[in-house]
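Undergrad: Chains as they are written, first to last, in my numbering: chain A, 26 to 330; chain B, 183 to 491.
Hints listed in this document are in silico derivations from the structure and should not be mistaken for laboratory results. Warning: the hint list may mix true and false statements.
Stretch-level coverage of chain B by chain A, calculated; a stretch enters the list once three of its residues show a Cβ under 8 Å from a Cβ in chain A [to be verified]: (1) 330–337; (2) 421–432; (3) 441–451; (4) 466–475.
Quick look at which bits of chain A chain B covers, simulated, 3 or more residues with Cβ under 8 Å [said to hold, decoys possible]: (5) 40–54; (6) 163–169; (7) 173–185; (8) 292–299; (9) 302–311.
Cβ atoms here follow ideal geometry from the backbone N, Cα and C, with glycine treated the same way.
Below are the chains, spelled out letter by letter.
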Amino acid sequence: MMRFLVHRLAISILVALTVSIIGFALLRLSGDLASALAGDTAKPEQIAQVAHLYGLDRPLYIQYLDWAAKALRGDLGRSLFSNEPVSFLIGQRIGVTAQLSFMALVFAIAIAIPLGVVAATKPNSWVDRAALGLSVFGQAMPNFWFGLILIIVFGVMLRWLPISGSDSFAHFILPTVTLGTAVMPAIMRLTRTGMLDALDSDYIRMARAKGLSSGSVLFKHALRNAVLPVVSLSAVSLGFLLGGSVIVESVFALNGIGFLAFQSILRTDFPVVQSIVVFVSFAYIFLTLLSDVINAYLDPRIRLG
Amino acid sequence: MTSLEHTPAAAAIARSGVAREAEAPSPRMVMRRRALTHPGFLFGATVMLLTIAVAIFAPLLTSYDPFAQELTQRLIPPVWSAKGSWAHVLGTDGLGRDYLTRLIYGARISLIVGFGAAGIAGLIGASLGLLGGYFGGRIDALVMYLVNVKLSMPGVLVALSLISVFGGSVPVVVTVLGLLFWDRFAVVTRSVTQQIRVNDYVTAAEAVGASRARIILGEILPNVMNHIIVIASLEMASAILVEAALSFLGLGIRPPTPSWGLMISEGRNFMFFQPYLVAIPGIAIFVLVIAINMLGDGVRDITAPEGRN
Numbered sequence: 026m027m028r029f030l031v032h033r034l035a036i037s038i039l040v041a042l043t044v045s046i047i048g049f050a051l052l053r054l055s056g057d058l059a060s061a062l063a064g065d066t067a068k069p070e071q072i073a074q075v076a077h078l079y080g081l082d083r084p085l086y087i088q089y090l091d092w093a094a095k096a097l098r099g100d101l102g103r104s105l106f107s108n109e110p111v112s113f114l115i116g117q118r119i120g121v122t123a124q125l126s127f128m129a130l131v132f133a134i135a136i137a138i139p140l141g142v143v144a145a146t147k148p149n150s151w152v153d154r155a156a157l158g159l160s161v162f163g164q165a166m167p168n169f170w171f172g173l174i175l176i177i178v179f180g181v182m183l184r185w186l187p188i189s190g191s192d193s194f195a196h197f198i199l200p201t202v203t204l205g206t207a208v209m210p211a212i213m214r215l216t217r218t219g220m221l222d223a224l225d226s227d228y229i230r231m232a233r234a235k236g237l238s239s240g241s242v243l244f245k246h247a248l249r250n251a252v253l254p255v256v257s258l259s260a261v262s263l264g265f266l267l268g269g270s271v272i273v274e275s276v277f278a279l280n281g282i283g284f285l286a287f288q289s290i291l292r293t294d295f296p297v298v299q300s301i302v303v304f305v306s307f308a309y310i311f312l313t314l315l316s317d318v319i320n321a322y323l324d325p326r327i328r329l330g
Numbered sequence: 183m184t185s186l187e188h189t190p191a192a193a194a195i196a197r198s199g200v201a202r203e204a205e206a207p208s209p210r211m212v213m214r215r216r217a218l219t220h221p222g223f224l225f226g227a228t229v230m231l232l233t234i235a236v237a238i239f240a241p242l243l244t245s246y247d248p249f250a251q252e253l254t255q256r257l258i259p260p261v262w263s264a265k266g267s268w269a270h271v272l273g274t275d276g277l278g279r280d281y282l283t284r285l286i287y288g289a290r291i292s293l294i295v296g297f298g299a300a301g302i303a304g305l306i307g308a309s310l311g312l313l314g315g316y317f318g319g320r321i322d323a324l325v326m327y328l329v330n331v332k333l334s335m336p337g338v339l340v341a342l343s344l345i346s347v348f349g350g351s352v353p354v355v356v357t358v359l360g361l362l363f364w365d366r367f368a369v370v371t372r373s374v375t376q377q378i379r380v381n382d383y384v385t386a387a388e389a390v391g392a393s394r395a396r397i398i399l400g401e402i403l404p405n406v407m408n409h410i411i412v413i414a415s416l417e418m419a420s421a422i423l424v425e426a427a428l429s430f431l432g433l434g435i436r437p438p439t440p441s442w443g444l445m446i447s448e449g450r451n452f453m454f455f456q457p458y459l460v461a462i463p464g465i466a467i468f469v470l471v472i473a474i475n476m477l478g479d480g481v482r483d484i485t486a487p488e489g490r491n
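Based on the provided sequences and hints, a complete structural model is requested.
TA: This is the structure we're talking about:
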């Protein structure tokens, strides 16, 4: 277990390091930071002065190390647009994004797992076909368009739900359905395949032969084994949702980090964009590491293989 | 002899295929038969070919210019509503441009983005996968490390920032999306290559001294190709969806180019009173993406070896 942990951790750190370098490069790619800081009307001397003040005239690798050292202490720099600390801006909005991602994941799992189990117990039945149809539907639906259609139907025509903002729980319902629909198909398919494999195995035949009730066989024996890969996929999906919420947050004007990133890109406020890219990547790296460790703990074949 | 061949029993045996075991149908015949009886494949191929035809012959299919604004003809509803007319079958948009014409020209953008991005991503991903899978060891570790880095970056966010830096021209969008979708190609190609490289014919090629490039390109690649095509269809569908999303956010294809995502974005301002402006391009994206996915699933089923489904 220890060897597995050390190896896995080393890879994560290496990946995190690379991502931070790419994020830093993205910031530099976006143009001349010094002239952006000095403003449109600045003279060349003033730009040079600003560059010197912010240390932008130093070699790139020193600037990177300086930025990374500060970032490790929680100092992500300041927004070019509002001059507020980036860490404050992210901290202010991360709750909304976390709540949306979490609710979307719960929504997706609540539909995907029961549907996947039922589909697997009756392959090629109408339930199976309906589940497959639903997953094809969810995969081919343009996410932002689905959001707009929900707004038109439930917000404008029926007037049941609010269509923008993040003030109450009701504000989260339509975005949750929109975002959850995007990750639901993959979870459902994985549950279905896992259940099909599990139901075909010797230990299930054994459990049935012992005379256990079909409910007990299905949920205690089969689902437990089938659900392992679903746990990893859910962790990965949560990372994806954190980053993927940029579109949904923009459609529903939810004030999360996705919407912040989008606005910052439009304002060419790249210190904020860079920080969000790196922040979301780190969250993803952490979540996949966590799911790998949980899996290794649950399944000896992984940690010893 | 002749009389025996014409007995009902002999005919039944011939039909059942037992008697024909000596001359089994060629793989190509099997695939053709499977393709013609696979409803998903047929649907996907039909829609795909139609879309390609529409995109190529766009100027012949409509007499309107997709860019021509006619401000006196703004927001005419489609023909099926009370105020619609056959002059504008799908109505006009907020600038008086014929909606059907923009939809037809928009198919070009979607297809160029889909094929282009899947092509670039396939080239990158398949090359990495072949190298990692064939050589193993450190090269493989490097490939998997690159895949890990790619997976941990928030793709849409990075794509948005890159396009905002380099501008929303079609080549930039295609390249950025190509860089976004190579990971699945790499993972699948790598694992299939690992299975193939231990086969006897690869060992034989190594034994007669074939170069590594020749083994990878001549022996392994043709056997991985089916998998690459299936992934390509999936990623082409994703690229079309993401292009639409980026253009919708205003950071993809720039106006006035008719992109379906952009059309939804422009229609959004009128969506409470003219919901068709949002609905029509969305349905177009939806149908094209479903068709591509079905085509890909169909190719997978058709090319799968006998008995493995």
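Undergrad: If a hint holds in the structure, say so; if it does not, say that too.
TA: Structure-based check of each hint:
no.	hint	result
1	330–337	holds (count 7)
2	421–432	holds (count 6)
3	441–451	holds (count 3)
4	466–475	holds (count 5)
5	40–54	holds (count 7)
6	163–169	holds (count 6)
7	173–185	holds (count 5)
8	292–299	holds (count 3)
9	302–311	holds (count 5)
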